[in-house]
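Colleague: Listed below, chain by chain, are the residues.
There are 2 protein chains.
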Amino acid sequence: MRILLSVLFFVLVGTNSIALAKNWLTLPDVAPAPESNPTTPEKVELGKMLYFDPRLSSTGTVSCNSCHNVMLGGDDNRALSMGVHGQLGGRSAPTVWNSAFNSVQFWDGRADSLEAQAEGPVTAGVEMGMKNWDDVVARLEKIPGYVQAFKTAFGEDAVISKENATKAIASYERTLITPNSPYDRYVKGDESAMNEQQIRGMNSFSQVGCAACHSGAAFNGPTLPAGTGFYFYFPTFTDSDYVAKYDLLKDKGRGEVTKNNGDDHRYKVPVLRNVELMAPYFHNGSVKTLDEAVKVMAKVQLNKVLSDEEVSDIVAFLGALTGEFPEQTFPRLPATSGETLTP
Amino acid sequence: MRILLSVLFFVLVGTNSIALAKNWLTLPDVAPAPESNPTTPEKVELGKMLYFDPRLSSTGTVSCNSCHNVMLGGDDNRALSMGVHGQLGGRSAPTVWNSAFNSVQFWDGRADSLEAQAEGPVTAGVEMGMKNWDDVVARLEKIPGYVQAFKTAFGEDAVISKENATKAIASYERTLITPNSPYDRYVKGDESAMNEQQIRGMNSFSQVGCAACHSGAAFNGPTLPAGTGFYFYFPTFTDSDYVAKYDLLKDKGRGEVTKNNGDDHRYKVPVLRNVELMAPYFHNGSVKTLDEAVKVMAKVQLNKVLSDEEVSDIVAFLGALTGEFPEQTFPRLPATSGETLTP
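Sequences listed follow chains W and V, in order. Take 3 as the starting number for the first sequence in the working numbering and just add one per residue. Take 3 as the starting number for the second sequence in the working numbering and just add one per residue.
Hints in this document: simulated from the structure, not taken from any laboratory. Any given hint could turn out to be false.
Heads up, the list lumps identical chains together, so a pair's fine if it works in one copy or across two of them.
What the hints assert, rightly or not - Taking lysine to any residue pairs in the SDA-like style, the calculated list, with each CA pair at most 20 Å apart, reads:
hint: 1; residue 1: K190; residue 2: T324
hint: 2; residue 1: K252; residue 2: T154
hint: 3; residue 1: K290; residue 2: A140
hint: 4; residue 1: K252; residue 2: L82
hint: 5; residue 1: K252; residue 2: D266
hint: 6; residue 1: K133; residue 2: G91
hint: 7; residue 1: K254; residue 2: R202
hint: 8; residue 1: K247; residue 2: Q303
hint: 9; residue 1: K261; residue 2: T125
hint: 10; residue 1: K144; residue 2: M73
hint: 11; residue 1: K164; residue 2: D114
hint: 12; residue 1: K164; residue 2: S38
hint: 13; residue 1: K290; residue 2: A337
hint: 14; residue 1: K153; residue 2: E341
Just so we're clear, the structure is a prediction, and the values are computed from it rather than from any experiment.
Modelling step: build the complete structure from the supplied sequences, incorporating the hints.
Modeller: Right, dumping it as structure tokens:
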């Protein structure tokens, strides 16, 4: 029996091709959309305008793209994001790229859809700083191009509303998918798409246990119905120096939302696609490099100390998750003629 | 003789076609570039990346585009721009669109080229807040994609430097031209391109005296050699309530640069292309609407009080100066892998 197990172990682990023995998934070309908001080109176009429009902030200086920069990795590369008047947010901005594959949004999962997520930052005092959505709607109503764009997207009787604005933004965000990473091409059969170190890292990623949570096509857990959420405690093993060093217990995560102690320090498992572009790491942006993030995760989630080689290999594999960013044209932001809507 | 003059006056002024009797110029398709920095596609592409890269600011939150937003009218629609940490600048951001047709840059003309202009904001404490250009270069050198892009743009031996970075940004800015406005089409012979009010406004613009300074293809004065500058005193007539109301004498304009009293309150005559998109108006952004800006200009520059109809007509004509904005694709900003360069 012991011999048989050894043989099996060799078959499963002892070759580079092991990686493909697992159910490794490639990124879909299209993200799921809710029945209440099917994606259309007109909504996407409107959503793109809104996404890039700094006039959705009180000062006229902050757009969705300011903190979720699609020209970068879909975030701002800052520990904590900076909103109007240079104010700091409480958590690190998650990426917008492939966020359509999350079943809930925000680190604490408090939004059950991209539509619900898009409501929040616009009226958050330290983010875009608008007083309320009535003010946002009133401002947009003064821009003739938006009045028309909402009709084009939602029908001739449609008005500018929070609901339609967030639907459009969500529709645009659902197009932000990065396919054809080296990992995807490897899984589809192109053995040269990843190098040996990346393949070793892929195996380590699985065997060390990272893939227990970071599974699925976006490496953020299994595909779940919208609103479900795939959460995990972070840190799980609290008896590590890393916990104090990176202040990992200060934020209660999902517990802040549910006020249920059992949810304290639980977080949505984040997407790992393009993770090499998203430094610094974790909900509080406390870890500056991906190497260190891998070490910390292994220790506080799996109670394992990785060798330097394992860290390097896993980081190399994570680099293979960087996909192709679709070429996009700038939106023209609709004009106001001869007046301004911001200070 | 008097009769002859009257006839001549009728011929020149009495019909809508008068406008074309003057030397009205259309916008060139290509902006002039200095011999030391010929425009190439590679430089334009690099310049576009740098222009949109917030990592050129201390906080990683402010790019050239933050205050000179090409998705809007090339400015930020704010009275005073907002830099890192929400700090306010001292003047209103001029538009980047068609700025290549200025012979000097900044309201006070202190930069003799787009290259020289691009140096300033990056290291201005209230704008992008970098300590010095050595720090900017050191940051860019850590981004492999930039190392390569500078070589592609400037030759295999080229290094990342302030000189090359500002050359690239200037090359990109020289592509930001908005041709084919209703005005341009009208001047080229399409009589339907402007409506009657706009044509009346064109005549008023000329006859009231606006065109004395706002001449030329970009309505910023005659074409002059780079570095020359076309300046005018603002306000010229100081005995107007507008002067105190809009605080027009606080800023010394070009006098702040030259320390020559004779230059106090002189400013570069700004581009009027797309002016309807650039509210609020003037160097201090003190005037909220284009209607009011036209009234103020007539009074403090020409000592004239315009009728409401003249104001409406001139504003309608200025609206005809809004051109076509070329479609552009987003740059991909070169990546750092697994680390961040900003706070």
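Colleague: Are there hints from earlier that the structure breaks, and if so, what are their numbers?
Modeller: 2, 7, 9 and 14
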